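Quick note, the sequences are listed as chains F and B, same order.
Going by our numbering, the first sequence opens with residue 1, and the numbers climb by one from there.
Going by our numbering, the second sequence opens with residue 312, and the numbers climb by one from there.
Worth flagging that the hints you see were computed from the coordinates, not collected in a lab.
Please note that the accuracy of each hint is not assured.
What the hints assert, rightly or not - No farther apart than 25 Å at their CA atoms in a straight line, the calculated lysine to any residue pairs in the SDA-like style are these:
#, chain 1, residue 1, chain 2, residue 2
1, B, Lys437, F, Leu229
2, B, Lys437, F, Arg218
3, B, Lys437, F, Arg205
4, B, Lys437, F, Trp223
5, B, Lys437, F, Trp227
6, B, Lys663, B, Arg547
7, B, Lys437, F, Ala12
Just so we're clear, the structure is a prediction, and the values are computed from it rather than from any experiment.
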Amino acid sequence: MSDDDKAGSGFAGRLRRALLIAVPYLWLGLFFLAPFVIVLKISLSDSVLAIPPYTPTFDPSRGWEGIAAMFRAFDFENYVWLSEDDLYWQAYLSSLRIAALSTLLTLLAGYPIAYAMSRAPERWRPILLMLVILPFWTSFLIRVYAWMGILGQNGYLNQFLIWLGLIDTPLVILGTPVAVYIGIVYAYLPFMVLPIFSSLDRLDRSLIEAALDLGCSRLQAFWLVTWPLSRPGIIAGCLLVFIPAVGEFVIPSLLGGSRTLMIGKVLWDEFFANRDWPLASAVAVVLLLILVLPILLFQRHAERQQRRAEE
Amino acid sequence: MDTAKAPPPTSDASAALPPWQDPAAEPLIRLENVTKRFGDFTAIADLSLDIHEGEFFALLGPSGCGKTTLMRMIAGFEAPSAGRILLGGEDLVPVPPNRRPVNMMFQSYALFPHLTVADNIAFGLKRAGLPRGEIAERVAEMLRLVQLENFAHRRPHEISGGQRQRVALARALARRPRILLLDEPLAALDRKLRAATQFELVDIQERLGTTFIIVTHDQEEAMTMASRIAVMDHGRLVQVGTPEEIYEQPNSRYVADFIGEVNLVEGVVTAAENGRLVIDWAEDAAPIVTRSDVAAPVGTRVTFAIRPEKITVGAEAPEGAANAWQGRIEDIGYLGNLSTYHIVGPAGRRFKVQSPNRRRVARREFSWEDRVWFAFDETAGLVLTE
Numbered sequence: 001m002s003d004d005d006k007a008g009s010g011f012a013g014r015l016r017r018a019l020l021i022a023v024p025y026l027w028l029g030l031f032f033l034a035p036f037v038i039v040l041k042i043s044l045s046d047s048v049l050a051i052p053p054y055t056p057t058f059d060p061s062r063g064w065e066g067i068a069a070m071f072r073a074f075d076f077e078n079y080v081w082l083s084e085d086d087l088y089w090q091a092y093l094s095s096l097r098i099a100a101l102s103t104l105l106t107l108l109a110g111y112p113i114a115y116a117m118s119r120a121p122e123r124w125r126p127i128l129l130m131l132v133i134l135p136f137w138t139s140f141l142i143r144v145y146a147w148m149g150i151l152g153q154n155g156y157l158n159q160f161l162i163w164l165g166l167i168d169t170p171l172v173i174l175g176t177p178v179a180v181y182i183g184i185v186y187a188y189l190p191f192m193v194l195p196i197f198s199s200l201d202r203l204d205r206s207l208i209e210a211a212l213d214l215g216c217s218r219l220q221a222f223w224l225v226t227w228p229l230s231r232p233g234i235i236a237g238c239l240l241v242f243i244p245a246v247g248e249f250v251i252p253s254l255l256g257g258s259r260t261l262m263i264g265k266v267l268w269d270e271f272f273a274n275r276d277w278p279l280a281s282a283v284a285v286v287l288l289l290i291l292v293l294p295i296l297l298f299q300r301h302a303e304r305q306q307r308r309a310e311e
Numbered sequence: 312m313d314t315a316k317a318p319p320p321t322s323d324a325s326a327a328l329p330p331w332q333d334p335a336a337e338p339l340i341r342l343e344n345v346t347k348r349f350g351d352f353t354a355i356a357d358l359s360l361d362i363h364e365g366e367f368f369a370l371l372g373p374s375g376c377g378k379t380t381l382m383r384m385i386a387g388f389e390a391p392s393a394g395r396i397l398l399g400g401e402d403l404v405p406v407p408p409n410r411r412p413v414n415m416m417f418q419s420y421a422l423f424p425h426l427t428v429a430d431n432i433a434f435g436l437k438r439a440g441l442p443r444g445e446i447a448e449r450v451a452e453m454l455r456l457v458q459l460e461n462f463a464h465r466r467p468h469e470i471s472g473g474q475r476q477r478v479a480l481a482r483a484l485a486r487r488p489r490i491l492l493l494d495e496p497l498a499a500l501d502r503k504l505r506a507a508t509q510f511e512l513v514d515i516q517e518r519l520g521t522t523f524i525i526v527t528h529d530q531e532e533a534m535t536m537a538s539r540i541a542v543m544d545h546g547r548l549v550q551v552g553t554p555e556e557i558y559e560q561p562n563s564r565y566v567a568d569f570i571g572e573v574n575l576v577e578g579v580v581t582a583a584e585n586g587r588l589v590i591d592w593a594e595d596a597a598p599i600v601t602r603s604d605v606a607a608p609v610g611t612r613v614t615f616a617i618r619p620e621k622i623t624v625g626a627e628a629p630e631g632a633a634n635a636w637q638g639r640i641e642d643i644g645y646l647g648n649l650s651t652y653h654i655v656g657p658a659g660r661r662f663k664v665q666s667p668n669r670r671r672v673a674r675r676e677f678s679w680e681d682r683v684w685f686a687f688d689e690t691a692g693l694v695l696t697e
């Protein structure tokens with residue numbers, strides 16, 4: 001029997017292992033599962049004019065009877081309402097569409113940046129990495145406001161284009177989906193660049209040389225070697241951009257104007273304008289499902305492929 | 312050390328000369344006054360070299376001597392700053408690496424981690440646009456050649472280091488290059504496997520007849536495998552020759568010292584006649600008497616080089632030995648089959664002497680601090696003027 005087995009067989013060993021595993025589970029339970037259960041509970045409640053603005057509330061003084069009464073009062077009314085009103089579905093779809101397109105745009109902008117960084121001389125790389133991270137040092141909100149100044153009718157962009165003589169009348173960008181795309185690509189670019197950079201940085205240069213040596217042109221070497229080997233970075237970057245972009249609230253509300261329909265804005269309106277917490281919670285729960293399901297399916301697929309490769 | 316050498320196949324039955332001694336032979340690859348500079352640093356300095364069809368050629372030197380740069384220029388990853396590289400008489404320099412009939416086996420192997428063993432080998436064949444059936448056939452043939460038929464569908468991270476090395480070899484050979492470049496091919500293998508692989512490489516080279524150019528810093532590896540060796544230092548060729556020539560007739564202290572072990576004794580020529588030199592090397596000690604073709608007039612400072620295994624040790628002065636001195640055994644290095652004696656000779660000068668252990672170690676003839684005679688004959692050593 002090896003030492004490892006001995007360490008794990010005793011009670012002390014098992015306890016130690018359980019404790020070690022318990023830490024991440026505890027964290028997830030405390031900071032993800034518990035808040036989610038609260039939101040789920042509110043989504044099953046009814047809206048009232050009170051504080052808090054929903055019913056039933058949990059009354060610990062009534063003990064088990066209180067809990068039973070709370071469960072009896074739960075219903076799926078809010079979810080039914082969500083499915084019946086076109087607005088929500090359109091908001092979800094529009095959010096997914098905007099997020100998907102801006103993820104693609106971010107990838108198109110981010111990949112060349114990451115590629116150039118990974119090919120830059122070694123001593124330049126820390127500086128380039130710093131420059132990518134630098135915008136995080138100012139407030140996100142202020143940076144979005146700055147874009148309002150750039151994209152507005154009298155903004156710097158229009159002034160610049162008129163000065164160049166490319167246009168006569170200012171373009172309407174602010175308040176359109178285009179502004180939302182610009183804002184999202186700008187704000188989430190580092191999340192795309194960093195994982196792709198890290199996977200390209202790890203790439204052994206001699207692999208490219210081997211591809212050239214075996215008859216590839218430079219372009220073929222990129223498509224057949226560099227691109228597939230940077231795929232983990234691309235996937236990570238896309239998830240890191242897509243997921244927060246779907247629920248993005250600040251950018252569409254500041255740059256997108258009233259014409260841009262996104263679920264983050266709907267959520268905000270339900271919570272703060274309508275004070276309909278239960279409905280807003282239902283919107284949030286559905287959003288979570290929409291995001292989690294594809295990720296789970298993707299992961300299942302990736303695992304299966306991995307297993308098939310190992311066989 | 313004296314093992315399987317790859318005798319280059321002679322195309323012409325009448326040509327008994329190896330191609331590098333035949334002035335009429337056309338070299339497969341010719342380097343003409345090649346210079347490579349990186350900024351201020353000169354990696355290769357005005358180097359000319361011919362390598363012939365079917366050779367197993369070794370570029371040998373310490374790290375930083377330019378041997379890898381030279382190989383990368385042949386592969387096409389670096390362009391020479393000056394000079395020409397000719398392949399079969401045609402200038403290779405403007406040809407990009409993907410169009411050269413040259414393939415390289417990388418030191419890191421550079422196997423594509425996302426492809427299976429079979430797909431790695433097929434990679435170059437697909438780029439060459441071969442029909443599917445032929446690719447499959449060629450891959451199977453290569454897998455047989457390196458004995459990896461059962462691993463075709465594994466990925467590089469699922470096989471051992473030795474197997475990866477063989478995949479790299481198969482992949483580089485699959486396109487049937489005219490020249491195969493091997494960059495430190497055995498450096499990542501452990502000692503036992505390295506020895507076995509050396510023979511395998513020689514065997515494969517003989518079977519295919521492909522010209523192999525190997526870069527190595529390991530002199531034993533070069534000696535074992537190569538038909539010719541080029542010893543390099545600071546971007547220059549110091550000596551080019553067969554392993555025997557390099558070992559027995561090094562042309563400089565540098566080569567003598569780099570290849571194997573050697574005793575280097577500095578002295579002054581005091582007599583020179585009939586191809587025999589007398590070299591004074593220590594006061595109150597008999598001079599070294601040696602045969603030599605070197606033109607060294609009386610008074611020349613020379614270095615006398617003698618290999619440890621060419622010196623004998625004995626309790627008495629051997630009869631008729633041209634060179635014999637008494638000394639004290641300072642240290643004994645036991646290597647199993649051999650022992651290396653460090654003997655302090657006249658004027659405190661230390662000599663390394665290597666002799667086979669004919670008896671079990673407990674019955675060893677000599678021990679520390681013993682006074683012994685060490686001797687060698689007139690033809691055992693070599694006079695170097697450089």
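Tested hints:
no.	hint	in the structure
1	Lys437(B) with Leu229(F)	holds (19 Å)
2	Lys437(B) with Arg218(F)	holds (16 Å)
3	Lys437(B) with Arg205(F)	holds (21 Å)
4	Lys437(B) with Trp223(F)	holds (14 Å)
5	Lys437(B) with Trp227(F)	holds (18 Å)
6	Lys663(B) with Arg547(B)	violated (30 Å)
7	Lys437(B) with Ala12(F)	violated (58 Å)
Figure legend: structure checked against the earlier numbered hints; hints not met, in rising order: 6 and 7.
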